[in-house]
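Trainee: Here the structure of chain B is known, so what remains is to put chains G and U in place on it, guided by the hints.
Chains as they are written, first to last, in our numbering: chain B, 1358 to 1855; chain G, 1358 to 1855; chain U, 1358 to 1855.
Calculated from the structure, these hints are not laboratory results.
A hint or two may mislead.
Heads up, the list lumps identical chains together, so a pair's fine if it works in one copy or across two of them.
[Unchecked claim] BS3-like, lysine-lysine: derived pairs with alpha carbons at most 25 Å apart:
#1 LYS1645 - LYS1583
#2 LYS1752 - LYS1413
#3 LYS1583 - LYS1642
#4 LYS1752 - LYS1540
#5 LYS1372 - LYS1642
#6 LYS1645 - LYS1372
#7 LYS1645 - LYS1486
#8 LYS1413 - LYS1699
#9 LYS1583 - LYS1413
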Amino acid sequence: MGGVQSFREMCDRTKNTNIRLSLPAVCVVWEIAMIILFGVFIRYNWESDAHWAESKHNLSDIENDFYYRYPSFQDVHVMIFVGFGFLMTFLKRYSFGGVGFNFLIAAFGIQWALLMQGWFGSLDYSDGKIKVGVENFINADFCVAGCLIAYGALLGKVSPVQLLVLTLFGVTLYAVEEHIIIKIIHARDAGGSMVIHTFGGYYGLAISWMLYRPNLDQSSRLQGSKYHSDVFAMIGTLFLWMFWPSFNSAIAGHGDGQHRAFINTYLSLAATVLTTFALSSLFQKHGKLDMVHIQNSTLAGGVAVGTAAEFMLTPYGSLIVGFCCGVLSTLGYVFITPFLEKHMKIQDTCGIHNLHAMPGFLGGVVGAITAAAASDTVYSHEGLVNTFDFKDEFKDMVPTVQGGHQAGALCVALIFGIGGGILVGAVLRLPIWGDPADDNCFDDEAYWEVRVGVLQLLFNLSVILYSSSYLGPNGNDVFRKYSLDLYQNLINFWSQSS
Amino acid sequence: MGGVQSFREMCDRTKNTNIRLSLPAVCVVWEIAMIILFGVFIRYNWESDAHWAESKHNLSDIENDFYYRYPSFQDVHVMIFVGFGFLMTFLKRYSFGGVGFNFLIAAFGIQWALLMQGWFGSLDYSDGKIKVGVENFINADFCVAGCLIAYGALLGKVSPVQLLVLTLFGVTLYAVEEHIIIKIIHARDAGGSMVIHTFGGYYGLAISWMLYRPNLDQSSRLQGSKYHSDVFAMIGTLFLWMFWPSFNSAIAGHGDGQHRAFINTYLSLAATVLTTFALSSLFQKHGKLDMVHIQNSTLAGGVAVGTAAEFMLTPYGSLIVGFCCGVLSTLGYVFITPFLEKHMKIQDTCGIHNLHAMPGFLGGVVGAITAAAASDTVYSHEGLVNTFDFKDEFKDMVPTVQGGHQAGALCVALIFGIGGGILVGAVLRLPIWGDPADDNCFDDEAYWEVRVGVLQLLFNLSVILYSSSYLGPNGNDVFRKYSLDLYQNLINFWSQSS
Amino acid sequence: MGGVQSFREMCDRTKNTNIRLSLPAVCVVWEIAMIILFGVFIRYNWESDAHWAESKHNLSDIENDFYYRYPSFQDVHVMIFVGFGFLMTFLKRYSFGGVGFNFLIAAFGIQWALLMQGWFGSLDYSDGKIKVGVENFINADFCVAGCLIAYGALLGKVSPVQLLVLTLFGVTLYAVEEHIIIKIIHARDAGGSMVIHTFGGYYGLAISWMLYRPNLDQSSRLQGSKYHSDVFAMIGTLFLWMFWPSFNSAIAGHGDGQHRAFINTYLSLAATVLTTFALSSLFQKHGKLDMVHIQNSTLAGGVAVGTAAEFMLTPYGSLIVGFCCGVLSTLGYVFITPFLEKHMKIQDTCGIHNLHAMPGFLGGVVGAITAAAASDTVYSHEGLVNTFDFKDEFKDMVPTVQGGHQAGALCVALIFGIGGGILVGAVLRLPIWGDPADDNCFDDEAYWEVRVGVLQLLFNLSVILYSSSYLGPNGNDVFRKYSLDLYQNLINFWSQSS
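Next comes chain B alone, as it looks inside the complex (with noise of 0.2 Å):
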């Protein structure tokens, strides 16, 4: 711990967010790289190729069916971008940030995965030449949405040059760990309650133990929500929450299995709303509802539902699921999320260790528990083979010995984000990045051209005129200081734009 403080402190310069250099030319460099990389090693699959026409052979059109997976990857790349994009709005003052830096880094990060997913899952040996298609960028949006969870927990801390570097490793190491855990250890894992939230939670969370930040509360008049930014966070929620049920079928077996996937997935988050929403008013003085709760913890069903979604759950047993989820997540925004803060060092922007680290820890859990539990009864011996793929070399793979892989890809989900975070962390506490100062976070301003409106100015120089015409001398101190502040942004305002 020693050497990690010391590291710490010798990384803690001070701060210039100016991106003037950076931002452009780690865009510009990886893009480049993406089209030298792409041009010797991504091809149009089988499928998408013009030969198509010709090698065929007596397959119809309609086995080549645009529309098969096709409305599954559209409604996972809006929880992506739409969906992911405006949970992170709820900031009062980093709205742009959220959505923006999301926007950013989920455009980066689909490329990179394409790579390094097809590496180890779609490289034909032959021709040495990645072959991509509709289940190629489903996977890629899997992949992103790793990375987008740990930015939850970074958000409004980093700069978008951090952010790029948080993504490309963690597609790097998400592409591995999803290979050992797939490939490997041949375990399930259809909604990615392990590869994607238990992964990209604690990823997130080592991440921000190590770029700590003592005195964060200097920010803290920006680190809340105000009315409007809590309704454009809905926005987010709900598109997360409709399309969940598509999240984690769209890459299930096709038939029953992605019924199922849709079926439990609905169910669970059904019931999470009613916890969560009990909870949150239990909690609460004068039993008021909390958005933070009703943002975030009415998702968590989804998440721990994701390995077993396309297992014989049952329906009741997603309720069961949901129900146990809305009330853990809820309990953690109360209790776990300060707890961390204050005595683990770890701050939690958006609250991912509720939301996907623990969810997906419950959801790997329920997955190897129900995958030890199956059985020829409840399945039917082909439903059995179907269901959790054994086939080929795990053709004598038994129920049992199944739920301990799973437990087995769950510890290799955690090691590699764990591990992976303290060592992305570490890297990103060099003082090159451009990331902004304790008493600047959470704020648009260091990264963004924000506008200020005439009226709001105007406003401004009204209270500040007539707080210390009126106040004098023996004035509310507190008053008089915001004054003063207020006072302060009007002069830069004005100096910058004259």
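Mentor: Okay, now just chains G and U, sitting in the frame of chain B:
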């Protein structure tokens, strides 16, 4: 009326909006009830069960296609949660309640609807289980829509506990009414003009009549929109408008029926937009457009074409229906809503009478006429049998008789709506549900933690201090009254937060 | 130019934005015209008609599948109404006009487009009827997109009546231009780089040139965004960005063409995001990002890949197109838009020159080059025939000649855009359309009932009273000027509402 009046007085006690016990209790108890009932009754259907791999016989995977109906389901789902939810954010200080309580009751309602509709429609008598699949979930969304419509009339005036009660009874009534209309009377109602909109509209209006608040003008300062809340509401409007063709075609007969339902709805909605803009401009001073009309009346065309959507209404017929509906609905906002409030004691916050009740009734009439006028020439014999389902016990039905059945179904919807609304309204008058006092309506403060910004506080403070110092004893009375209100709020806030 | 100048002066009379007669008259008359024309011409197509049950012969229901093309239709529909609509809400006081008038003209335009495109493309010569189905509705949305692009240049400066006229002529021009390009010249343009974007872009710019307002700086205080209006605009940006792959693939050839259109568009858009962020940061003071660029330039990649979307552009080729487009479009906002306004008298509110006109032109060029370079090796012979539709009368066509045709088609789009825009612009200069005066642009007050909150009023009042009392005769002049403006607004408001 005397009895109703004295019952009203009995119920009008001092209001207490603290729902810290009642809301959690209701949510948790009902969710546990759901889990038990789902455990006893709900199972995966044939397509979703893992046994499908063995029981499919000669069917290929394409016959169990997830993407048949699922895209419709997702569109309907978006309408329920984002469409209805954001349409109700238009009030200046009730956006949380609009989108949040919509979320809560929809999530509860779909679970209860799966059970209620299942008992009536999907019960497998061989094992006493309800087998659910995608179509059940579409129908559950439809069912919940009826209750969300009713919420529109009560927006801002009821507690979340009341809404849960409203939904419990509303879903129950809906399931019975739907069974009578569709199965017993054998009426056709693809888009639910009668089953959903007429029922839901009059259900909400009857409850609103029972819950009449004579002193609601005490909240009039909050009963309106502000600039950004109107833009939020447009999100709801547009998603409802765009996906309404999916709504009306979601459970229409596969093949030509579904195509026709889409085309008719699309055209009717397009025509409605033009007449809504025309009438809105015509009836406002200076010809200015009113956002209330644009947000709501533009949707009336989708409601009115619901029953006849799958019939051979013809494209120009759909335009005519939409044309009339835009006129009717906008006139409703200008003339009928104020009339209902003044003379009928019906306070209709969102104007559901103009958007759902009237257009739904009109849709039922259009459906009856179109059905009665159907002929072999227009439909072809086989087309007629398919469209109106003249099979089995109804194989001797003729279009004119079908028209009569449609009219009968409309009456059933009306009776269930008004009768059910009066009964449920009586229950909701009991002084135990935590509804707000008359001067506290349309205010999120009652049920939500609302964060007031420092800037806002400073502004309030400056106004109060200034006005009190400047205006002196002879100042403007209105101004002083508001200053004192603001001051009071400020004091409350400080005392709560310190 | 002299003639144009004097014509301009003739038209510059005192402006009156009261559209209480003209807007309702135009809407109602045109909708009645639509009903009559639909009655005479439009019928359900083979798939949608109830006769399908008899006429289907050996086809199964799966051959008449609603979900073939319909998911694409819905994605495109969302782009038209939510995408374009919310993208235009970015102005601080013109959000109602942005999303509302977009709604109006799109709803009118799709009806007129069904007729115009039907006469050219879907007319059944056996009975003189236009038979419509899902593809016609996708094409109608495409057609309307051209007019909505043109609206972008004029946002805030025209009346809704002018917009309806713009749409009437725009749809007409589009239908003719599309027929020439697709049917006569036999150019391919799946995503409409030429047909939609080049045409729409230059159509709007030419109209804007004709409607040049030399004193528009009188409205400059409103010609900008504010914090929340920028977040609203991001809703539009993201839905356009996410669904652009559906747009470009919506009417591409079933099978491999549709897959390819999706992949190319997706990759081009992803690359554009990175270069847009890079350039935006590079050209702003302090390296801060500009929301205008993020909202618009990130979409240019989808425009530029439109024509070549279904060709074998290769994945890295798509990235290169996207890369260049992000650079070009952002530079356009930084350098070209101010140049156009200062030296070319073209005022382009949304910067459609950078988002649609230039990238569309570039897309046409990319399409021509890619088509000319096509070969049997890359496409396979059958693939080449399928992709470029070298059949029937064009069965002897070769790729190089096709490239020439593509270039010719681009010229046609340019000529129709610029020529049509000048003619329609001349019509729109007539002083009968109710457009706002130069000091009244970008203000929703002109056409919408805007509710000013009590808080806002109190604030205004306090500022005015305070400033007038405090500053005295020697106070700050700028401050006093705004105070008087605010005072005037206040007086107007009170006089209207009392």
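Trainee: Each hint: holds or not?
Mentor: Hints versus structure:
1. LYS1645 - LYS1583: both (16 Å within a copy, 24 Å between copies)
2. LYS1752 - LYS1413: between (31 Å within a copy, 22 Å between copies)
3. LYS1583 - LYS1642: Cα proximity of LYS1583 and LYS1642: one copy only (19 Å, versus 29 Å across).
4. LYS1752 - LYS1540: within (14 Å within a copy, 48 Å between copies)
5. LYS1372 - LYS1642: For LYS1372 and LYS1642, only the inter-copy Cα distance (18 Å) is at most 25 Å; the intra-copy one is 39 Å.
6. LYS1645 - LYS1372: between (40 Å within a copy, 16 Å between copies)
7. LYS1645 - LYS1486: The answer is neither: 57 Å in one copy and 39 Å across copies each exceed 25 Å.
8. LYS1413 - LYS1699: Intra 62 Å, inter 57 Å, cutoff 25 Å: neither.
9. LYS1583 - LYS1413: neither (57 Å within a copy, 54 Å between copies)
Hints 7, 8 and 9 from the earlier list are contradicted by this structure; the remaining hints agree with it.
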